[in-house]
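Participant: Both chains are sitting in their own frames, so use the hints and assemble them into the complex.
Just so you know, the protein sequences line up as chains A and B, in that order. Each residue of the first sequence is one higher than the last, beginning at 1 in full-length UniProt numbering. Each residue of the second sequence is one higher than the last, beginning at 1 in full-length UniProt numbering.
Heads up, some of the hints might be wrong.
[To be verified] Derived CB-CB ranges, DEER-like:
hint: 1; chain 1: A; residue 1: Val480; chain 2: B; residue 2: Leu67; range: 54 to 60 Å
hint: 2; chain 1: B; residue 1: Trp72; chain 2: A; residue 2: Leu450; range: 37 to 43 Å
hint: 3; chain 1: B; residue 1: Trp72; chain 2: A; residue 2: Leu246; range: 26 to 32 Å
Quick caveat, the hints were computed from the structure, so don't treat them as lab data. The C-beta atom is built at its ideal place from N, Cα and C for all residues, glycine as well.
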Amino acid sequence: MTMDNALERRPNPDDLNDRGLSETQDERVSYLRAGHTLRSWLLTTDHKRIAILYLISVTLFFFIGGAAAALVRADLLTPQADLLTNEGYNRAFTLHGVIMVWFFLIPSIPNTFGNFLIPLMIGARDLAFPRLNLLSWYIYMLGGLFTVFVLIAGGVDTGWTFYTPLSSMFSNGHVVMVAVAVFVVGFSSILTGLNFIVTVHKLRAPGMSWGRLRLFVWAHYATSLILVLATPVLSVTLALVAAERLFGLGIFDPKLGGDPLLFQHLFWFYSHPAVYIMVLPALGVVSELVAASARKPVFGYRFIAGSSIAIAIIGFLVWGHHMFVAGQSMYASAVFSFLSLAVAVPSGIKVYNWTATLYKGHIELDPPFFFAASFIGLFVVGGLTGLVLAMLAVDVHLHDTYFVVAHFHYIMVGGTVSAYFGALHFWWPKMSGRIYPRIWGRLAAIFIFLGFNLTFFPQFILGYLGMPRRYHVYDPSFQVLHVLSSAGASILGVAYLMPFTYLFWSMRYGAPAGPNPWDVRGLEWTVPSPPPKHNFEEIPVVTGPPYDYPLEREGDQGEAGDAAEGNAAEGNAGSRA
Amino acid sequence: MSLVRTLSLVWAALLGLLLLTLGASFALTGPASLAASLAIAVAKAALIYWFFMHLREEGGLVRLAALGVAAWLVIFTLLTSADYAMRP
Ligand code: HEM
Ligand SMILES: [Cu+2]
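Okay, chain B solo, but in the shape it has when bound (with noise of 0.2 Å):
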């Protein structure tokens, strides 16, 4: 596949992906909402770390320290979360 046409597809994805936002802020609401908006922003994330940003084409400590970072921004929102969603 060129370039060019997997840069256009992933492109047409991440543009399939805002739609889909769009219409879960619509169709869902309350913690459904949140959840799938965030499902979906992982997802044009992930899209773009991995082609975009070239880590597909990096070797495996390239690729672990994202992962690292990745794990580590779960970390935050875990432990915060263990304070919001506890709170009486």
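Isolated chain A (complex conformation) (with noise of 0.2 Å):
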């Protein structure tokens, strides 16, 4: 590794004590510290700086939508109505949503870590449109003031989904609000698929071919095909409630010959497209993770990239499968059951693919590892529910219990949320420049991970046991697996927060990283951390394929030199922990 390297880096290099305090040669010429006034943030057309900007903003409102969660959570703890009124349980649970789909899962991954890696990457010293990006960071922060603005006022009870005839004609909360914010932040999300798509077909490097492409930019360039054609149908379908809302167009009233089924093909010709806009960067970031914790080509790289376009396409077929009890006709359930059942196979590629390049690799328990694997596990038991669900039969019995909310939050959060630490983890020494404690890093990922499973694991047994979701006044026998519910949410709660401890500390304290402390490959890894302002002194000239990692062959494992070279950077680490 790279650690001796990166002490050389210091001012005083012989001043052991000095743990980074001062400033290293890199840091001085580095993006961060061009231009230190509000104005050279807020007016910067820096990718990575309007990644920090949405990094700092993202955040804010996991923890916004995370306060929400705890109050639903809080409520749930008994079986009567004691801490929130039936009013007030569902605006917490429909913000909770809104918040964490809109405003944290959607632009998570894509606009902090697509925007700074994606140029990197493949070699550029921006996007195509930097002011486009910052644009989509301003409609960004507007349709959150937004959200924010109807949290103030008192909230909306519709759930995200916003499902008519109850969003369109009886609900009193501020639906058209709620509705202007969603419509307003969905041309941050277009903008942003936009950008990205013409960044990668116009911007690489000198020899970077296709082929030659990092998974997560494939990735990224699949989910920014779905950003684009999805987004706008759900501005659409947002408009129509508003417009039968304030007008009284018959869209979805059948009493003025509208259909309110429609609202639910439209809505959910959007959504699934979309949890797989939440999903395909996280499966980016894995591949990623994976690659570097094995330290070995990717087996299947074709696939894999392959399957991010094809989970972007199949995930357009499968919609009718949130339809199934509510009056669709069995002909359509059928077809969509069927379809639903082929986009697992992509997803399952994925994670063949990736145990597959992890076998035999030289895998050091670095936190990016631990992310990564939870990633998998809590993935694949996600993805799996979702086949149980797609079951035309089996949804009959499980349909809106706490089994779907199981189910989705095994990928949103298990898979998305572990993902975007995960990323957090590996890139941070990229984009700060520091290093921090991995134990510590270790720690926060094994929190996460059990926190997870008790919060959600008996959600499973809930809702195969019958209790409904969006219902706080429930059965007592529910009581005992609502709470071990609410106990791992505290656990989870407080592990999410372990990160900003030793991450704000790294800022000050943490050791230079150097440009490659995971002694990793890829271009992002070749220039010092954190990056200068322009990326690349020259364009570089890609001649190999991505991960280039020496091939080994069966009998010439592990060199002694690497394991004790990483060894040693880790007992560093430690100590300072």
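Facilitator: Now the structure itself:
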């Protein structure tokens, strides 16, 4: 590892008590120091700074959404309605869903890590449209402001799905205002998607052919296709709800010649693909973390890349699995059930290829590996229970129960949020220039994994036993499982806060990272940490495949040198903890 | 053909199609009327994409993208009709 190098990069390499308080040479010319005023941040067009703006704001919304979840879980500790009123409970889970889906999960990985890394990974100096990139952040913040306003003004009670006729005819909350918030933030998604697509097409460095793109970039390309195609449908749908609510246009109301199920078709035609917007970037992150942990060429590169595109396409064909018991025709349900089984195939391909990549790899138990491993396990459970739900007959029993809640939380929280933290731990040294104590990273990953399972596994059982979702008054026989779940949630909450302490700590006291602290391959690890303002002194020329780790044959495993170096670096970080 | 001439011709064609829509709405009823107006709408949209939105000047990739979007709309209508057409 390059730890020793990193120490030499300090202004005074002999002073071992200097724990990096002073700036390294690289830091002085990095994007972080290119302008110190607030203005230089708020008007920046540097993709790396915009990524940091997003990192801060997305994390903020994660904690607002988390606070709503805490209310929900606290209320569910007892079978009676003691903490929240019925109305209050509905508003709490609605805000939780709206904020987590549109203000955290969808922008989380693409707008922070995608923004930061795509140009670095393809050998470009910025995204194709830097100002559009900044605009997308402002639009995001505008949508966020609307949401916070609704939060203060009293909230909405429709659930994040805005089903008609509740949303169009009966709900008293600020439905239109929330629809506006989601409508606005949609433009931010579209602009980001557009920007990524053009960037990947036009700004690849010489020699960076499509077959040499990193899997992270492939995943973001696929995500961007969905962002651009699906998001406008949501905007139109919400506009129609608002039109019916405000002007009485007959679109979903049968009395006026509308059809309530049309809403669900439109909504899920967006929202099923949108769940892949939430998870595809995470799949891309995990492909990187797995390759980096194994320090081996990725097994089945083409299949992992292709499966991202396949997911983007097949993901558009399955939305009807949300409507099996909503009065959809039996024929359509059968078709959608079959297609939903098909969408699991590309996800399965990825999991098998990751496993094969890890097989006989030089795995070091670094925090990013812990997060990647949690992701794989939890994503498998989430995906397989998706298949269970896609079975027509079984879904009649499980629809709208906690089983569904557990299913999607395994993917969206166990999967995407783990990948978000995995990405944060993997690229933090690149973004901040400093190394954090690994032992704390490992502990956080372990607590997140345990807290998560304690929170959500009981919900599978609850749902199977018949506990409906979105109820806060329930049969006392369910209480034990609910208490377990709430206890898990409090562990999870604390575990999510842990990284913020040691990551902040590392910004001041962490050792300088050097360009490649994990000793892995990839263009972003060839530039200094933190990268200079324009990324590359000279645009690199790419001559080889991605992940070009040395190939080994059976028998010549375990280069002693490699391992010893790794351990030395580790001891170093550990003693600092 | 000069640009003005081309564009005027396309415009005239669009007006012709508009008249056709109008006529069809009187002449036909029920599903036939719906089919006719949708078919005419597709023709109009195609003219607009091809000429007014410059698809005819674009390279293969952009045309492919436009076709992709069309295919994607077909997916939505096709699978939604699998519900509406087959409801008991
Ligand atoms: C392996 C592929 C998947 C299949 C076959 C699948 C299947 C299903 C089915 C059938 C339902 C409806 C259950 C019901 O309401 O009765 C459902 C709900 C849901 N799934 Fe999945 N799923 C898959 C992957 C995912 C992924 C990757 C995500 C998120 C990233 C996800 C998020 C959701 C959400 C949010 C809901 C519930 C929406 C709601 O009613 O509020 N699913 N899934
Ligand atoms: Cu779905």
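Participant: All the hints need checking, so say for each whether the structure fits it.
Facilitator: Comparing the hints with the structure gives:
no. : hint                           : verdict
1   : A:Val480 / B:Leu67: 54 to 60 Å : 56 Å, holds
2   : B:Trp72 / A:Leu450: 37 to 43 Å : 42 Å, holds
3   : B:Trp72 / A:Leu246: 26 to 32 Å : 30 Å, holds
The structure agrees with every numbered hint stated previously.
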